[in-house]
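Chains as they are written, first to last, in our numbering: chain A, 2 to 396; chain B, 1400 to 1718; chain C, 8 to 516.
Hint data in this document are derived by calculation from the structure and do not stem from the laboratory.
Fair warning: there could be bad hints in the mix.
Using 25 Å as the maximum straight-line C-alpha spacing, the simulated DSS-like pairs for lysine-lysine come out as follows [unchecked claim]:
#1 C:Lys133 with B:Lys1573
#2 B:Lys1573 with A:Lys294
#3 C:Lys36 with C:Lys244
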Amino acid sequence: MKSTKKKSNLFLTIMGDEKRQKITIPLFAILLSLIAGAILMLSLGKNPIEGYLSLLKGCGLMMKKNYAGGKGMLTDFMSFLDIWTPMIFAALAVAVAYKAGLFNIGVSGQMLLAGFVASLTVGYSDLPAVAAKPLTIIIGMIVGALAGSLIRLLKYKFNINEVVTAIMLNYIFQYIISFFILTYYVHPITRQSNVVSDASRLTLQNVQIGNMKSVIPLGFILAIVAVFALSYFINRTRVGFELKAVGANKKGAIYAGINANKSIMIAMALSGALAGLAGVTYYMGYVASIQPKVLISTGFDAVAVCLLGNSNPIGIVASSFLVTIISKGSIYLNSSLGLPKEIASLITGLLLLFTACDVYIKYRLKKAKDHLEYEEKEAQRYIEKYGEQKKEGEQ
Amino acid sequence: MNEIIVNGMSFSIPLFIIAVGGIYSERSGVTNLALEGFMGAGAFFGALFTALTAGVFASTSNLPMYLSLFVAMAGGALYAIIHAVLCIKFKANQVISGVVVNILAMALTDFLTSQINESVLGHSADKFILNVFPRLTVESLTGIPVLGGFFTNAYIFEFIIIAVAVVAWYVMYKTRYGMRLRACGDNPYAVDAAGCNVGRIQFAAVMVSGALSGLGGMCFAYSVFGHYSTSIYAGYGYLAIAALIFGNWKIPATLGACLLFGFARAAGYSLIQYLELPGTYSDLIMILPYVLTLLLLMIFSKNNRAPRALGEIYDKGKR
Amino acid sequence: MSEYIVEMRHVTKRFPGIVANDDVSLGIKKGEIFALLGENGAGKSTLMSILFGMYEPDEGEVYVRGKKVETFSPNHATELNIGMVHQHFKLVSNYTITENIILGMEPQKKKFGFLPVVDIKNTNKKIAELSKKFGLEVDPTQKIENINVSMQQRVEILKMLYREAEILIFDEPTAVLTPQEIEFLLEIIREMRRNGKTIILITHKLEEIKQVADRCAIMNRGKLIEICDVAETSTKKMAELMVGREVSFTQEKTPCKPGEVMLKVENLVVKNADGFPVVNGVSFNIRSGEIFAIAGVAGNGQVEIADAIAGLAPAAGGKVILDGQDITNSPVKARNKMGIAYIPEDRQTWGLILDFTLSENLLLRRYDIAPYCVNGVLHREHFTEKSEELIEHFDIRSGQGGQTIVRSMSGGNQQKAIIAREIDLDTPFVIFVQPTRGLDIGAIERIHSQIIAERDKGKAILLVSLELDEIMNLADTIGVIYNGQLLKIAPAETMTSNEVGQYMMGVKE
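With these hints in hand, go ahead and build the complete structure from the sequences.
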């Protein structure tokens, strides 16, 4: 009994007050999942430290032993930025909906739709880069926003659970687009959609830097801009404030005179637009074609990233960085140490699991704190009651 | 016509039992988006069982296939504990928990499938091959128009599932446990006041949900895929959720919804064959159940009555 | 063996911040109707929840039939034949009456000789018989969602009787009933006494106690004041004891100098979610410089009146006119800008956004106007400035000033924050609903003087309170609500608290 009390005290001290817990709880979840990952690697007979280092090496964050010709740490790093970009957008998409109290599980579908429509309209045109790239971005945002709004509209008009709608739409987009690709736009050899024009692509290919050929993900700049813009929007604008209020307490928001329905609609449109950006930076940036019948996992992993980053844009930069290292680095992990690629998604899955426990950790911490305070009070009362009696007795 | 019935049934019936699983969890008040994960995890255990015991039984024996259904149920129930612990014990957001459980199921089974194939079975593969599940034709009934189709070339698991569903219906509507379970979904405080342990009832309901989903998933693996791999995560769990919402959280009505999905899909495929359209058109058929779900939900969601306490985090101390 | 069937010795129960029961000792005799009288928050319900096993006492012992109670759980209480009808019914809405009654101890039969099924059919008959025996006639096959509140209460009573309860606790059973239904319930309670049951009645209505109870324990602020014989004690005496020997402070107050009519409510009707009119044709005026107080027992429609005026609940009929303008259908924000400030009853659900900072909450009404918001951009520095001013002026205490997350603040300081925000709006009309609920004496006093100060500035004030003391202390005009209607509107000085109390209970027309 005594020892458990002491342990919880220590835990409480480390985890800090409610404000600090916003950072310490995700860190705790990360720690747990990394430990779990280490155990996994150990059980497969590999050195976990080497494993984690090879993840970093695979992402161009550490020097590999040797590189193929024309490649180097920089090329790895650029490629890492390239795949990190859609993840940032996707997690921001989840976050902005979550701030308004909604769960956008349809990010993957919205990404696909935006990527597909932008490919058709811009990617297969012969517009010059100067017109094509902005147009790709704009179309991606609009399509995504429409798809996001549709989910809200169905909820508002017909009271359909937004999670079910989003999931149904994911599949509908996936199969319809797959049909169109296979019927009209399929590349006979790759069995994927035809490659979009380089002019429309948001990642510059084969750029000569020194003696290396690298990609330059323009979308990454956009993503960083989006992070700060969204942070500003949520924290510094009236509309963002209203949206957050609706998410935190809908009744309280209505009391304050906020039009809750409007706020939620704005949030879903914005969420969709960000998902659309994730879509174009993936399908017309990192890759240049769409694989039919496949819904990429980015939109789902983004849920993890968002939760882990406390749905705070800056937090998301950190959490998406981590998750992308795990997923991107897993290729090198596989080739250098022979560890299975699947281990990466497993670590991410566990990370998600531990993150979902945050309510419980918070609850335990609060309980431990209350218990401490209660004991303190009891002790004080005891002193007041019996301490005084003792004095009287002495007299 | 018979072909539509055979294909329709072999899709509808596994979907139905997954939906019944969902009903168990949701009628007890626990939102369950985790059916997809339960289904995949359950099927994984079932398929693993057949792979590991391949040498134990005679190659002609159908027994391992029947046993695999039980193993899938046990595995699904076991995996469902994660959702139960998160939702009931840890009081996590039930929607988030469901999504987490699904993602984890896919990652975990994917990892384990390739690991076990490599290290235990000694060949690298990302799937377990399954035998062909026995089918049944009741000769005396096949002559009956339309109805005969249900007894022609039907997978035997369809009959097993129907039996399990009848038991599930009986337990939910006729027994003490079922009565308490449904009460939890409406007003858990009333159940607590009646001296029952709400957490335990819900925990069991989520595990039943996992077992039934595992059974459905295993049957899908046999019928739709013919093997076990991560391709089993094709969204049928989510489709089952749509079916149970459409069925208003009632078992018989949900059967109707599942039949509708299954037959729409089967009829679509037959239509493509009949019109001799290219194979890519099958993708259009694939969306039928999903589009149908949305359309039907548009019509019925307004009048639908979810269990009153669904998704509510039950806190005993609250009054 | 003592003469008591239930005995509580030196029971103390503390909750964070308050002592709900402070060294309470009492004994209840078999076969009597024992009343527990006290105001809201006097600790009656907590004491009986201990007897029913929902809480464990921090100190003291409980004896039932002379045996010390060791385990505190509702299940154990049921085994001791103790039953409780809670203030909020615990019923499953889509179940029939029978199903609700048997939940938890369902009788089974074997179908086909082996299949256990819950036996509803035979139980229906049994329940019908049981209900007839106690004069509680119900149709056992009706669903809860289709029957009214008084029927639902009968179901709760039948639940106890079905479990063969000998000691029956009623927690404020008449709060939700009409006068006729109350009569009926009291008759049932007498009938149960005739059947040898022991009844414990928690209430703050003297009238009822006078009618049925044998003995009455009076509680005030967690302490047992006295146990008296009802037949030998006058209502007046009991009322005095209930209000407390700790002489409740009276607020220094200058006479009211009312001005023009600020708010006019005409024939207001408000319906609840089920379409039932909880406010049914209410009309009144409030003048500038006047405190108009609505007195009434909880749940009679007073909160809905306030919500309808503030725009949180739609008016199903009638008019609300503020300063000559019809605002019946205006959105919340428009009403706010036109001059309504509102301190709502439920501060945590409506009044605050708990996960926002104190500073944000203090600006919840003004975040969208200059200087706090210019061209859609918030100016946090003005937030800080304003909130610091309010924190200072209203003495709101918190860990990290304006940056504190409101959830972590104490209830009293949360309430101070709401009052600060709303009073600072300086609107000509302010609504206070239960402004002092759950607060300690110091805080109550401060809020009371703030309300009077606002009145003296010439504001029109609507005060809704369940505390009679508060109303008698503050009101210039009192309207008494009963069953969604104002039974009486009169200047405060023309009414005694006793009279108001009688109107509140609907006994005086």
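Problem set entry | Enumerated hints in conflict with the structure, sorted upward | 2
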